[in-house]
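Given these sequences and hints, build the entire structure.
Numbering (my numbering), first residue to last: 1 to 98.
Note that these hints are calculated values from the structure, not bench results. Hints are not guaranteed to be accurate.
[What the hints assert, rightly or not] Below, simulated PhoX-like cross-link-like pairs (lysine-lysine); rule was C-alpha separation at most 25 Å, straight line:
hint	residue 1	residue 2
1	Lys97	Lys46
2	Lys46	Lys36
3	Lys36	Lys97
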Amino acid sequence: DGRTIYRREGRLTLADGTLAGADLNIPTALRFMTSKVGASPDEALKMATLRPAKMLQNTQVGQLVSDGVANFVHLDDDLYLTAVWQNGTPISDVISKP
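Set out below in structure tokens:
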């Protein structure tokens, strides 16, 4: 509808301050689930990838399979993004630690 969304203090808002969403990426969500909720890294990753794909009955994403889409990331032991692949090809090396 043409409205501008602003990123402020971890929130996405409209110009008048109305909440327009959360400013949360997957690595940050994974770190929250492991450090605050107590999920294992494996379980947190499944919650963010495989389970939503299964709920949507999409077998092409959420897991690496021979006929699936090979879009994936590499996270270090602290769950920070280090690299990205798209269609099986590395597209960037990333250092995302603060």
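Here's how the hints hold up against the structure:
Between lysine 97 and lysine 46 the alpha-carbon distance is near 22 Å, which keeps this suggested pair within the 25 Å criterion. Proposed proximity of lysine 46 and lysine 36 is supported: the alpha carbons are some 17 Å apart, at most 25 Å. For the hint pairing lysine 36 with lysine 97, the CA-to-CA distance comes to about 19 Å; that is within 25 Å, so the pair holds.
Every hint from the earlier list agrees with this structure, and none is contradicted.
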